[in-house]
Amino acid sequence: MITFLKANIASLIASVSDFLITVLLVQWCGTNVVTAAAAGTVTGGIINFFIGRHWVFQAGDEKAVRQLWKYALVWTGNLLLNTGGVYVLACQAGLHHTVSKVVASLLVAFLYNYPLQKNFVFSNNW
1 MITFLKANIA SLIASVSDFL ITVLLVQWCG TNVVTAAAAG TVTGGIINFF IGRHWVFQAG
61 DEKAVRQLWK YALVWTGNLL LNTGGVYVLA CQAGLHHTVS KVVASLLVAF LYNYPLQKNF
121 VFSNNW
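In terms of my numbering, the sequence shown has 71 at position 71, counting the first letter as 1, and numbering is strictly consecutive.
Everything labelled a hint here was simulated from the structure, so no lab data went into it.
Since this is a predicted model, take the numbers as computed values, not measurements.
Don't be surprised by glycine CBs; every beta carbon is placed ideally from N, CA and C.
Incorrect hints may have been included.
[Unchecked claim] In the DSSO-like style, the derived pairs of lysine-lysine whose C-alpha atoms are separated by at most 30 Å in a straight line are:
(1) K118 <-> K6
(2) K63 <-> K118
(3) K70 <-> K6
(4) K63 <-> K6
(5) K70 <-> K118
[As the list claims (entries may be wrong)] Cβ pair distances, simulated, as ranges:
(6) S123 <-> T76: 13 to 21 Å
(7) V34 <-> L68: 20 to 28 Å
(8) L20 <-> C91: 16 to 24 Å
(9) Q58 <-> H96: 36 to 44 Å
(10) Y112 <-> L68: 13 to 21 Å
(11) V65 <-> G30: 33 to 41 Å
(12) L107 <-> I46: 17 to 25 Å
(13) V34 <-> L106: 15 to 23 Å
(14) N124 <-> T35: 33 to 41 Å
(15) W69 <-> L111: 19 to 27 Å
(16) H96 <-> K118: 28 to 36 Å
(17) V23 <-> L107: 16 to 24 Å
(18) G94 <-> L68: 33 to 41 Å
(19) F50 <-> L107: 20 to 28 Å
My request is simple: use the sequences and hints to build the entire structure.
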């Protein structure tokens with residue numbers, strides 16, 4: 001349970017960074033919402049890897065390169081799911097880009113990211 005709570009705190013920190021980048025790029029730079037969502041996801045992904053590796057799963061003793069490859073694989077799916085979710089919700093369903101980003105991110109975080117990070121990326125079983 002502690003690991004799950006720590007993972008959610010790490011996810012929150014990464015998500016805030018992700019959302020800030022997305023909103024700033026859309027509102028201040030006029031960037032397309034899908035491109036901005038992808039940039040935000042990249043930023044959040046980098047932050048989440050380091051927090052997950054060192055604090056959440058305390059897997060700093062493992063080889064970082066091996067974890068990074070596994071994380072990159074999972075993160076690619078995360079990027080596609082988040083960006084696709086924002087596209088569907090914002091561009092097809094007409095929801096506001098912020099609402100779209102929050103809904104897509106929460107669904108992906110709970111149903112995809114946490115299980116794969118715990119059981120694959122930062123696990124010694126693979």
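Check each numbered hint from earlier against the structure, then list the numbers of those it violates in ascending order. none
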